[in-house]
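Put the two chains together into one complex; each comes in its own frame, and the hints tell you how they fit.
Going line by line, the protein sequences match chains A and B. Quick note on numbering that gives the first Met the number 0: the first sequence kicks off at 0 and runs consecutively. Quick note on numbering that gives the first Met the number 0: the second sequence kicks off at 0 and runs consecutively.
Derived by calculation from the structure, the hints in this document are not laboratory data. Backbone N, C-alpha and C fix where the C-beta goes; we use that ideal spot for every residue, glycine too. Every clue listed holds true.
Among chain B residues calculated to face chain A with C-beta under 10 Å, some are: (1) M0; (2) R7; (3) L8; (4) F17; (5) R22; (6) A55; (7) A58; (8) R104.
Listed next, the stretches of chain B that the computed footprint assigns to chain A, with coverage defined by at least 3 CB atoms under 8 Å from CB atoms of chain A: (9) 40 to 54; (10) 74 to 82.
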Amino acid sequence: MTISIRPDLDDLHTLPKAHRDPVRLLGEFARDRIAPTAEARDRAPIGTVDWDLVTEAQDLGGLRMGLPEGMGGLGLGAEALGRVLEEFAAADPGFALILGATGLFQTPLVLAGDERLAAEYLMPFLGDEPLLACNAVAEELNGTDLVLAQNAPYATDMTTATERGDHYVLSGKKKYITNAPVARYATVMANIAGHPGSTGLTCFVVDLAWDGVQRGATHDKVGYRTAPAGELVFNDVEVPKENVVGDVLGGWDLNTTQGNICRVTCAAIATGLARHSLERALRWVTERRQSGRLLFEHQMTARKIADMAAAVESARALWVNAARTVDTTLPVPAYEPAIAKMVADRAAVDNANTAMSLIGAQAFQRDDEMERILRDSFGPRIYEGSPEALAMTVTDLLCLEDERR
Amino acid sequence: MTALALERLAAAGSGVGFARVERALTGEPAYLGSGLDGSLTLTVRGDHLPTRYREALGAFRFAQYLRLGWIDPHLAAAEGRYTDRPAHDPRRDLHTLVIDRADGRLAGYVGLARPERFGLEADYDLRVDVELAPQTPRGHLWEAKRLVRRVGMGHGQLARNAPWWALLALTRTVTGLRERGELAAMIGDGAPDGSPAMLALLDYDVRTITARPRAGNRTGLYGPMWRQETAAVPFHAVPHPRQEPLLEDLERFLALGRTGSVRELLRAKGHPHA
Numbered sequence: 000m001t002i003s004i005r006p007d008l009d010d011l012h013t014l015p016k017a018h019r020d021p022v023r024l025l026g027e028f029a030r031d032r033i034a035p036t037a038e039a040r041d042r043a044p045i046g047t048v049d050w051d052l053v054t055e056a057q058d059l060g061g062l063r064m065g066l067p068e069g070m071g072g073l074g075l076g077a078e079a080l081g082r083v084l085e086e087f088a089a090a091d092p093g094f095a096l097i098l099g100a101t102g103l104f105q106t107p108l109v110l111a112g113d114e115r116l117a118a119e120y121l122m123p124f125l126g127d128e129p130l131l132a133c134n135a136v137a138e139e140l141n142g143t144d145l146v147l148a149q150n151a152p153y154a155t156d157m158t159t160a161t162e163r164g165d166h167y168v169l170s171g172k173k174k175y176i177t178n179a180p181v182a183r184y185a186t187v188m189a190n191i192a193g194h195p196g197s198t199g200l201t202c203f204v205v206d207l208a209w210d211g212v213q214r215g216a217t218h219d220k221v222g223y224r225t226a227p228a229g230e231l232v233f234n235d236v237e238v239p240k241e242n243v244v245g246d247v248l249g250g251w252d253l254n255t256t257q258g259n260i261c262r263v264t265c266a267a268i269a270t271g272l273a274r275h276s277l278e279r280a281l282r283w284v285t286e287r288r289q290s291g292r293l294l295f296e297h298q299m300t301a302r303k304i305a306d307m308a309a310a311v312e313s314a315r316a317l318w319v320n321a322a323r324t325v326d327t328t329l330p331v332p333a334y335e336p337a338i339a340k341m342v343a344d345r346a347a348v349d350n351a352n353t354a355m356s357l358i359g360a361q362a363f364q365r366d367d368e369m370e371r372i373l374r375d376s377f378g379p380r381i382y383e384g385s386p387e388a389l390a391m392t393v394t395d396l397l398c399l400e401d402e403r404r
Numbered sequence: 000m001t002a003l004a005l006e007r008l009a010a011a012g013s014g015v016g017f018a019r020v021e022r023a024l025t026g027e028p029a030y031l032g033s034g035l036d037g038s039l040t041l042t043v044r045g046d047h048l049p050t051r052y053r054e055a056l057g058a059f060r061f062a063q064y065l066r067l068g069w070i071d072p073h074l075a076a077a078e079g080r081y082t083d084r085p086a087h088d089p090r091r092d093l094h095t096l097v098i099d100r101a102d103g104r105l106a107g108y109v110g111l112a113r114p115e116r117f118g119l120e121a122d123y124d125l126r127v128d129v130e131l132a133p134q135t136p137r138g139h140l141w142e143a144k145r146l147v148r149r150v151g152m153g154h155g156q157l158a159r160n161a162p163w164w165a166l167l168a169l170t171r172t173v174t175g176l177r178e179r180g181e182l183a184a185m186i187g188d189g190a191p192d193g194s195p196a197m198l199a200l201l202d203y204d205v206r207t208i209t210a211r212p213r214a215g216n217r218t219g220l221y222g223p224m225w226r227q228e229t230a231a232v233p234f235h236a237v238p239h240p241r242q243e244p245l246l247e248d249l250e251r252f253l254a255l256g257r258t259g260s261v262r263e264l265l266r267a268k269g270h271p272h273a
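Next comes chain B alone, as it looks inside the complex (with noise of 0.2 Å):
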């Protein structure tokens, strides 16, 4: 595949418009909020989004990994996959998705997922049960997977939210999970100055190990990711009872569209992760 078709890919797959999302859902978003810098954050059920917009969301997630050089180009084209669908059943995943409301183009994602297997089982020599979570029962484990903000977007408020906005969502899709005892603790895997650093300034009681990755990978699809030099690292994170007063701060400061940083914000605040 030559870069222009790539890029072309990837510009389809980053071109969908959600703008009328909302409409379609067939049950309540765990969570919903909006902001002045343009944007509308949802999380909602995968099977309460028509087919359409989760195959939309997979062809997204795929643009990103292309446009980081995440993805080999050469094995797509000779697999024919172009997108990056998870392969569970939809009531499974809760999909985050950050909209930009001025074109309906998403600014930023993140999925989260109970799945029968879980992504790190397949991508590391381990057992979560075992080494991440050992007392925890299999079900009351969900998995974050893919926090990606839109690749190429120009620099601004929304462009420098996203990221926190997919987090924020998470973090209350998850406390409420939490709040239901449908969840015990939040697992994914990233670079240690990447999620699990993000996550620890949220408030998240967050543990990594060591593991190895599966000998595969680096040959697979996703090869160029796992070739990187900061090796990522899977984590277990939990939220810590005093993060409400910090998630109040971080909504506040993203709905009214505050300059500045998020860890600014937070350092003024006290946070202490700050």
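Chain A extracted, bound-state conformation (with noise of 0.2 Å):
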């Protein structure tokens, strides 16, 4: 019997019955039409997205995976939501990334329970017209210091967001912001003036339509290509005090809770990463032969294979018992999810590196796919915490369990 690397995706039954069916087609679609065409959009110029797939993604619900479902999302939890997109990060992490990113932004949202809002920002996304949204977090100077909550004080220049009357002004440029040239709307999070660094974290519903909005530049990225990314410059935009999402100051809250939920989807696009170098990695090991024997009939290249399915395996296990334990906890953990996004993040680029070491020379082709998830395997520790930001968090999380003690 030959084991598959692969999760089998007609043996869902630790999810809820109604989840099962919608992970089963998002996963076939990653499998079936998303994979074949990545190396087209990944050499598209940059910037393009591919609306007809984001539209059959759209079908699907692949734009609405988090909404509730009594609000005619697919209401996906988090293992749920991990399922497809580990099946997405295998196929095109890019892909996954729109996604995602439209996620990000609904989830705020989400989490704050406003009705109005709901009715407002998210109702679009019910319809059959492909809509794509940001979460505009990270800034030139601010990457950590917007992940981490005790770095707040030392936040630079951050997006200010200054009261006017019935209006809050937003000035300032969010960086590296996934779907920002694409977007509808951003959920935005921006400092009230007056508080240092960080500290006075809001998060605001912003239409990239308004007066003020601008689309900077457009990042030609190593990796992800099939994500736009790029910049959004807020030149005193009015942003009504009614678009403040959950509370005024209440920024961190949603942005610690948002990150660690988002932390084991981020996990599950690093294992996709790992498993899709794997999957590469097999195909020669089994086809190619040196002093007359496959490759994986020799010692060396054996172990690296086992080791590359140990890393795969632990790394799936981990972000799907995160997973579980953020489905099933309030307040959502921090520490499941940031060792399974440290431990992911480090498979995929060590499977990377493992799998052009086996695959030599073709691997070093540009029209070879190892290329591209080479690119990609960066990806993943760049994004929601990086692994020296997540090593601070588990360490404190460990620490703070010893004081205790």
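Structural data, given as structure tokens:
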């Protein structure tokens, strides 16, 4: 019997019944429709979006995965979402990000439970017109200072929200924002004027068609090229006070909760990347012969393949465990998602490295898919907490536990 | 809620796309028609529509009533209510959607329901099986609600046709229900020169009654609608046996994108109420 490194999409018994069909359909869509066309999207001019495939994903619910079922969304929990995004990442992680970034826009609104904001800004995602959105947090000078709450006082030149009558006026620039060049809406984390660093972080919903919003440069990224990313510039944009998501000064609570949830799906994406490297390597080592034997029959190669498989399986086990914890625990935990992402991010890079060494000169060709996988493998470490930031989170939690003992 | 916020909300509710709804249905539509005016009209049972479309219909209905000034926005904000979603089981609903195929947005809508408690009984001091339809089993009465065209549509053929497509589909559906023995009459309410008059034009036998609206209507969420000068009246409507030729004429007129008005068409064809 041959073990498959790919999850069986017909065996989703750990998921709620209502989630199994959507997860299976989206997973099959990723394997059958996204994977074969990934290379073409990777080579397309920067900022190009494959709207036909986005529309197909929309029809399957790909742009409303996290919206409540009662509202018409798929209502997927962290485990179901992770299953879907692992499949998309194994096919084309940039496409996973297009869907994920739109979900990141929606998550603060779902968490805040504001009926009016939901009616205005989540309702459009129920229709047939594909609509993308983004979550604008990172800035040129502020990365980890917007990930770790303890760093908040050190954020520099933050995008600022100044109260003026029944509006806040937003000024500043966001950078490295997935979907920014094509998004219709954004949740924007801005600092209330007068508060140092990012200690006054507040979340706003912004319609990117409003006066004063400017799309800045589109980034020419090394990887994840399917997902357009760029800058958003806010030139005194008037945002109505009713567009505050949650509470004024409540941005860190939202940011932290969303970050913990998102790390699970980010770990699933990284696992998908690690798996893709292994799949590519398996095709190579089961076909290529050296010294009269298939490569996998050589001990050193066998060890590498085994290590890659262990990396995928352990990354998956960790993100699934973290997902189940997130799905069943309030407040949303920080430890399990951080560990899962740390391990999976490492697995993505290590497996790409090992696959390159196994495949050799062939993998060093631009027209071999391993070239794209290698570039993409460095992506997971960048967003939603670098390995360093995650290490700080994990260690703080462990040391706090020790102190209590 | 500011006027701008109201308009953004209404725009969101009016802008949801239904371009591919037909492919997503889980049951056969009761009516399907299309026209050179760029429309696609379909009538479908509520539970054959995926939840997201039903939610979008609730938002559309709310948005049009908001734009018509028939909803109290302050009460809506205070109660956190931003949808006009039917409260009953979706299996009891038939929704008629008139879709603009150019952009997938709704151009018109009408609902038909067989609820356990009729809207008329919630809104008026009456019992339908006593004052409006005596000797008719309640289970054979269907209530028409929310005949609306998308407010703010530009002038054009589809803007003119949308309410007629909705009524045509409604009537075809009503006729089908009647033929299967599931409907004896359609009930509802409207301004005397509104839906009762339009139904009469389509050769329904229409009877209206005078009934007192419930006192609380004027201060409720739909208060502005109830405070209008022209009072709505409950009606009882039964399709007339000679209706079919008129419906064929109307369907041809709408489908072929003819110019002129529906009234002129009906007058020219010699229909008595035109």
